[in-house]
Amino acid sequence: MSKPVLWLACFALLALGAAPVRAQEAASIPKESWSFSGPFGTFDRAAAQRGFQVYEEVCSHCHSMNLLHYRDLVGIGYSEDEVKAIAASKQVTDGPNDQGEMYQRPGRPSDAFVPPFPNEQAARAALNGALPPDLSLIVKARADSSPIKGLSGGADYVNALLQGFKEPPAGFKMSANMNYNIYFPGNQIAMPPPLAGNDVQYADGTKATLPQEAHDVATFLTWASEPTMEERKFTGAKVLIFLLVMTGILYAAKRQIWADVH
Amino acid sequence: MNAPGNQSQSKIVRWIDHRLPVFTFMQHELYDYPTPRNLSYWWNFGSLSGIMLVIMMVTGIFLAMQYTPNATMAFDSVERIMRDVNFGWLMRYIHMNGASFFFIVVYIHIFRGLYYGSYKEPRELLWMLGVIILLLMMATAFMGYVLPWGQMSFWGATVITNLFSALPVVGPKIVAWLWGGFAVGNPTLNRFYSLHYLLPFVIVGVVGLHLIALHQHGSNNPLGIDRKGPQDSIPFHPYYTIKDMFGLGVFLIIYALFVFYMPNALGDTQNYVQANPLQTPPEIVPEWYFLPFYAILRSVPDILFIPAKLAGVLCLFGAIGVLFFLPWLDTSRVRSARFRPVYKWVFWLLVIDVLVLGYVGANRPEGWFIVAGRVATLYYFIHFVVLFPVIGWLERPLPLPTSISAAVTKKGGARLAGASTPMEKP
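Just so you know, the protein sequences line up as chains A and B, in that order.
Those letters in the first sequence? Residues 1 to 262, by our numbering.
Those letters in the second sequence? Residues 1001 to 1426, by our numbering.
Worth flagging that the hints you see were computed from the coordinates, not collected in a lab.
Note that the structure is predicted; figures quoted are calculated from it, not measured.
Pairs of lysine to aspartate or glutamate, EDC-like flavour, derived with a Cα cap of 20 Å:
#1 A/K84 - A/D72
#2 A/K207 - A/E56
#3 A/K254 - B/D1032
#4 A/K233 - B/D1084
#5 B/K1228 - B/D1032
#6 A/K84 - A/E57
#7 B/K1309 - B/E1283
#8 A/K90 - A/E80
#9 A/K84 - B/D1084
To spell it out: a stretch of chain A is covered by chain B in this simulated footprint if at least three of its residues, at any positions, have a beta carbon under 8 Å from a beta carbon of chain B; those stretches are:
#10 134-142
#11 221-228
#12 246-256
Covered stretches of chain B (chain A as the covering partner; in silico rule of three or more C-beta atoms under 8 Å from a C-beta of chain A):
#13 1071-1082
#14 1089-1098
#15 1236-1247
#16 1264-1272
Where a beta carbon is used, it is the ideal one built from N, C-alpha and C, also for glycine.
I would like the entire structure built from these sequences, with the hints used as guidance.
Here it is, written out as structure tokens:
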């Protein structure tokens, strides 16, 4: 092997091979095929909208998404009017008004997603002391299972977790108020099985099986973790084409200029 | 050597140059600057480091316009940059991956110096200034990593600042002073932000000195022998400007692949969870570029009366400190490893050793990782403190070529047409 190649191989190893080897307690996460994976992947708008519906009707009773605004929903294909209608269906606390009092009003597209609980203590009080994590970034925060930690790693995890509730094996000691999940590290999760299939009536007529719902929610949450992903990939394609052409020209210029030295 | 500032076509240029010789300076240092004709592509990584520094500062300044250095708002402000600021995601991913690529480039630059003996007389101070730049970079990168205020930011800051508590007597006081409180908190974040903004400008200053020291004797070269006359040199422009630019193009393609298609591949997913002082993440691991040093820190056991923690901290700083003495630890007078039949191979042992340390640093100190970490740490210091002087004494170097041009041209040293005279402008 030539020396430059050896060098580069060494540094590539150091950079990529250094991923920590984690203790594998949970079952390995099945790999799903996602609309958004790969260099040209985009979010499946219909799946993301169905996922939003599942979030609205099921997840949002416990999980906040504090980084999202209703206006962001344009990004998964809702029209401005639809977004207005979705926002208006929420009650948002605003104020203080001229009397110094807080008041409720219908939501606007510029409002952040209304959280299910006013604060952490309220959530814990209502849910046996457990705190449901905010879901805005959950896919990026759980992307360990993918070798390059792309978004699909986190989506695989969410998709698997939602379908991973099983009866605990004989002899497995469960703590109080915990549920058995084969994909959760330690296998005990405070969240009860949120989906069972047919939890929602999809507007587009898709059959709401459990795998379908899990897939749709994972798609929606992936979009929510990085709404700028499509812009990033499209920009990247343009930048790379430019760089390839520019580097080619520079190489030719280098050959030309160095012709008299060699 | 012509002084074009004074002979320029433009009256304005001549007027300025007579009073402030910036044009003459640029002509000498960027245009005519005689450079060995045989530099390989390994010599691209110096200018690439400089370009990375500029990229980091430019993107950093834009990020600073949108970032809020407050413990309750920092995490959300970074996400606001990702979501709502126009091209904020681009600035942030360039900056975030830029740290990794800056270190890749600088580490290659350092290993190139090690292989070709670029630290030897008369370039000792050039090398030592480079080690200072490395130290400043590490401090800057560490403090920058704290700013997004994710879980790994917070816990990384806690672990690293706690290192100083290992110092006897004054340790705990120093740590409280660094924190500005009794734990990593808002005052810590604020001062790290301030210093993260300051240190790059300090780096620019030291880079200036690094370049002055470089231009005093010019670049080393793959043969490691001095230039003996004009036939050994070519002017920096256009030969090395175009070579550096082509190298930059290749580098940017790889960098862009990460920025646009795997922007989080080199980061830790835990940093997308907001810092929570009440919950320790399953593993506290630094970014990859600190892993070899992290391994050294964790590998060292109790040494005599020195507790393991203090010994680890001393070895951590010693691992970089030893580089300062390298010009005198290496007793060989031959620079390039090409003519050093023993060192040529031992060099690769160091590369492997550092990779092993990096791998160990990424894993829990359990089982054979402890053994591997200790062996690799020991070897690291043996390499510098024992092998460098001993090989220099015992090794019999190969005969050196008589001159650069004799070695690299078939004709054997004909003066290059156009060498040392700038190319004609079209």
